Every structure is written in C-alpha cells, then in structure tokens.
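**Student:** Sequence:
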Amino acid sequence: MSLRNYLTSKVFFTQIAIAIVIVLVLGFVLLQWLSFSTNHGEEITVPNLAKMTVEQAEEVLDNDDLDYVILDTTDFVAGYPKYSIVKQDPHAGAKVKKDRKIYLKVNAAGFSAVKVPDLIEQTLRQALPTLKALGLQEGSLTYKPYLGKDMVLEMRQNGKKLNPGDKVLKSSKIDLVLGDGKVGFEEEEKPDSTATEKTDE
1 MSLRNYLTSK VFFTQIAIAI VIVLVLGFVL LQWLSFSTNH GEEITVPNLA KMTVEQAEEV
61 LDNDDLDYVI LDTTDFVAGY PKYSIVKQDP HAGAKVKKDR KIYLKVNAAG FSAVKVPDLI
121 EQTLRQALPT LKALGLQEGS LTYKPYLGKD MVLEMRQNGK KLNPGDKVLK SSKIDLVLGD
181 GKVGFEEEEK PDSTATEKTD E
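Position one of the sequence shown corresponds to residue 1 (my numbering), numbered consecutively onward.
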C-alpha cells in the first residue's frame with residue numbers, strides 16, 4: 001500500500017482516533033493527580049489568633065490542620081495581654097492549604113526602657129518628633145520667662161526632673177518646660193532722689 005493510500009485509509013484514521021483518545025485519557029488522569037496532590041479546592045480559612053496565648057493558638061491551628069512558627073517578641077503593645085499574639089502572617093481570613101505554616105509575633109511582657117534624649121535648647125517642633133521616634137509621648141507643657149520661645153529648658157516626669165540619658169519606660173509621658181519668648185529685665189538701680197547733695201561749705 002502506497003503512502004498516499006495509507007494516509008487516506010480507514011486504518012490510518014482509526015489509529016489517529018485511538019491516539020487522540022489516549023492523549024485525552026492521559027490528560028484527564030494527570031489533572032486528577034495534580035488536583036489530588038495539591039488539595040485543589042480544599043482551602044482552609046486562617047483563623048484570627050489576635051490576643052491568644054501561644055498555647056491557645058496552637059490548639060486552634062491543630063484543629064485546622066495548620067502549623068505555626070514564632071518569629072520573635074515585639075515591643076510591648078498596649079491593649080494586648082503580655083505574651084499574646086500581636087501579628088500573624090498570613091492574616092486572618094486568608095485562604096491556605098493544609099499544613100501551611102502561620103508565622104506569629106508575640107507581645108512582650110512589658111514596656112522596654114529607653115534613654116531620655118537630649119532635648120535641651122531644642123525647639124518644641126524639633127523635640128516632639130524625637131520623642132515619638134523613641135516611643136515616648138508628649139506630656140504637659142509649661143512656660144517660664146526665657147528669650148527663646150518654645151525652646152526646651154527642662155524635661156520632667158511626674159514632677160521629677162529628667163537628665164539626658166536617664167532611662168524611662170517606652171510610652172512614658174515626658175513633660176516639657178519651655179521658654180515663653182519673654183525676658184524680664186530688672187530695672188537699673190537709680191540714684192536715691194531723696195539723698196541730699198553735699199555742698200561745698
């Protein structure tokens with residue numbers, strides 16, 4: 001049988017049809033295997049672990065067939081119990097596969113200590129960002145006579161004077177004593193007008 005006759009024969013088309021069926025079957029089997037191996041369509045919603053202890057979070061994640069890794073301890077966050085979960089990744093509500101690791105950050109036991117910055121003779125506008133950057137808060141502002149307006153003259157906490165380098169807890173309020181831009185000048189002593197002048201006799 002010539003090639004031309006073979007390509008137009010029933011046998012050739014039958015073999016082509018069989019080959020197509022085999023390819024389709026293999027493709028279907030491959031898709032089913034991939035779906036099974038990747039748990040396609042079997043996603044788990046990540047639970048909200050905020051404010052839970054590590055033990056509580058572990059129990060919740062075990063029930064959902066999820067794992068966890070503790071990254072580190074963050075600076076103390078007010079409003080969260082000590083040693084509770086502050087941050088998680090992926091976030092609550094995200095869809096993940098079985099056995100996915102959830103990365104956790106745990107709250108510290110309390111505020112850490114920081115050194116009081118040297119704000120003396122800085123303006124209030126300069127001092128406030130410095131306090132904020134260190135995790136400190138602006139306290140009360142009082143004024144006293146001084147040539148430089150809004151210039152920091154003293155730093156205090158609970159009435160106690162602070163020196164640069166003193167340690168306070170993060171989130172502490174630092175009271176500032178500022179110049180009011182006014183200077184009181186004492187009047188020059190004037191000669192006593194009631195004094196009698198000595199006259200030459």
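These are calculated hints, taken from the structure and not from any lab test.
What you are looking at is a predicted structure, and each value in this text was computed from that prediction instead of being measured.
Worth double-checking, as some hints may not be accurate.
[As the list claims (entries may be wrong)] With a straight-line Cα cutoff of 30 Å, these simulated BS3-like cross-link-like pairs (lysine-lysine) come out:
no., residue 1, residue 2
1, K51, K170
2, K182, K82
3, K149, K98
4, K97, K87
5, K87, K101
6, K167, K132
7, K167, K82
8, K132, K98
9, K161, K149
10, K132, K115
11, K101, K82
12, K182, K170
13, K144, K82
14, K105, K115
15, K51, K105
16, K167, K149
17, K87, K51
18, K182, K160
19, K82, K149
20, K173, K144
21, K144, K170
22, K98, K115
23, K173, K132
24, K101, K115
25, K51, K160
26, K161, K173
27, K160, K115
28, K97, K149
29, K132, K144
30, K132, K149
31, K105, K149
32, K51, K161
33, K173, K105
34, K10, K87
35, K144, K167
36, K160, K173
37, K144, K87
38, K51, K101
39, K87, K98
40, K132, K105
**Student:** Next, verify each hint and record whether it holds.
**Tutor:** Verification of the supplied hints:
Proximity of K51 to K170 is assessed by CA-CA distance (about 21 Å); at most 30 Å being required, the pair is judged to hold. Distance restraint check for K182 and K82: the Cα-Cα separation of roughly 48 Å exceeds the 30 Å cut-off, and the hinted pair is therefore not satisfied. For the proposed pair K149 and K98, the alpha carbon gap of about 63 Å is over 30 Å, so the pair is violated. The suggested pairing of K97 with K87 holds, with an alpha-carbon distance near 20 Å, which does not exceed 30 Å.
Annotation: proposed proximity of K87 to K101 holds, straight-line Cα distance about 14 Å (limit 30 Å). For a cut-off of 30 Å, the pair hint linking K167 to K132 stands: about 15 Å separates their Cα positions. Between K167 and K82 the alpha-carbon distance is near 22 Å, which keeps this suggested pair within the 30 Å criterion. Restraint check for K132 and K98: the C-alpha separation of about 42 Å exceeds 30 Å, so the hint is violated.
In summary, the hint linking K161 to K149 is supported, as the alpha carbons are separated by about 20 Å, within the 30 Å threshold. Pair hint K132 plus K115 holds up; C-alpha atoms about 13 Å apart against a cutoff of 30 Å. Using a Cα cut-off of 30 Å, the hinted pair K101 and K82 holds, with the two alpha carbons roughly 23 Å apart. Our distance criterion of 30 Å between C-alpha atoms is broken by K182 and K170, whose separation comes to about 34 Å.
As the CA atoms of K144 and K82 are separated by approximately 41 Å, the hinted pair breaks the 30 Å bound. For the given pair, K105 sits about 25 Å from K115 by alpha-carbon distance, which is consistent with the 30 Å threshold. Of the supplied pair hints, the one linking K51 and K105 holds, its CA atoms being roughly 11 Å apart against a limit of 30 Å. With a C-alpha separation of about 27 Å, the suggested pair K167 and K149 falls inside the 30 Å cut-off, and the hint holds.
A threshold of 30 Å between alpha carbons decides the hint, and for K87 with K51 the separation of about 9 Å falls inside it, so the pair holds. The hinted pair formed by K182 and K160 meets the criterion: a straight-line CA distance of about 25 Å does not exceed 30 Å. This hinted pair does not check out: K82 and K149 have alpha carbons roughly 42 Å apart, beyond 30 Å. Only pairs whose Cα atoms come within 30 Å are accepted, and K173 paired with K144 is accepted, the gap being roughly 20 Å.
The suggested pairing of K144 with K170 holds, with an alpha-carbon distance near 28 Å, which does not exceed 30 Å. Of the supplied pair hints, the one linking K98 and K115 is violated, its CA atoms being roughly 46 Å apart against a limit of 30 Å. Among the hinted pairs, K173 with K132 is consistent with the structure: their alpha-carbon atoms are about 10 Å apart, no more than 30 Å. For the suggested pair K101 and K115, the alpha carbons sit about 38 Å apart, so the restraint of at most 30 Å is broken.
A distance of roughly 35 Å separates the Cα atoms of K51 and K160; the hinted pair therefore is violated under the 30 Å criterion. Annotation: proposed proximity of K161 to K173 holds, straight-line Cα distance about 13 Å (limit 30 Å). Using a Cα cut-off of 30 Å, the hinted pair K160 and K115 holds, with the two alpha carbons roughly 15 Å apart. Taken as a hint, the K97 and K149 pair is broken in the structure, with Cα atoms around 61 Å apart against an allowance of 30 Å.
With a C-alpha separation of about 24 Å, the suggested pairing of K132 with K144 holds against the 30 Å cut-off. For the given pair, K132 sits about 21 Å from K149 by alpha-carbon distance, which is consistent with the 30 Å threshold. Between K105 and K149, the direct Cα distance comes to roughly 44 Å. Violation of the 30 Å bound is thereby established for this hinted pair. For the hint linking K51 to K161, the alpha-carbon distance of about 37 Å lies beyond 30 Å, and the restraint is violated.
A threshold of 30 Å between alpha carbons decides the hint, and for K173 with K105 the separation of about 26 Å falls inside it, so the pair holds. Only pairs whose Cα atoms come within 30 Å are accepted, and K10 paired with K87 is rejected, the gap being roughly 68 Å. Annotation: proposed proximity of K144 to K167 holds, straight-line Cα distance about 26 Å (limit 30 Å). For the suggested pair K160 and K173, the alpha carbons sit about 12 Å apart, so the restraint of at most 30 Å is met.
As the CA atoms of K144 and K87 are separated by approximately 45 Å, the hinted pair breaks the 30 Å bound. Pair hint K51 plus K101 holds up; C-alpha atoms about 19 Å apart against a cutoff of 30 Å. For the proposed pair K87 and K98, the alpha carbon gap of about 21 Å is at most 30 Å, so the pair holds. Taken as a hint, the K132 and K105 pair is honoured in the structure, with Cα atoms around 23 Å apart against an allowance of 30 Å.
Of the hints listed earlier, those the structure fails to meet are numbers 2, 3, 8, 12, 13, 19, 22, 24, 25, 28, 31, 32, 34, 37, in rising order.
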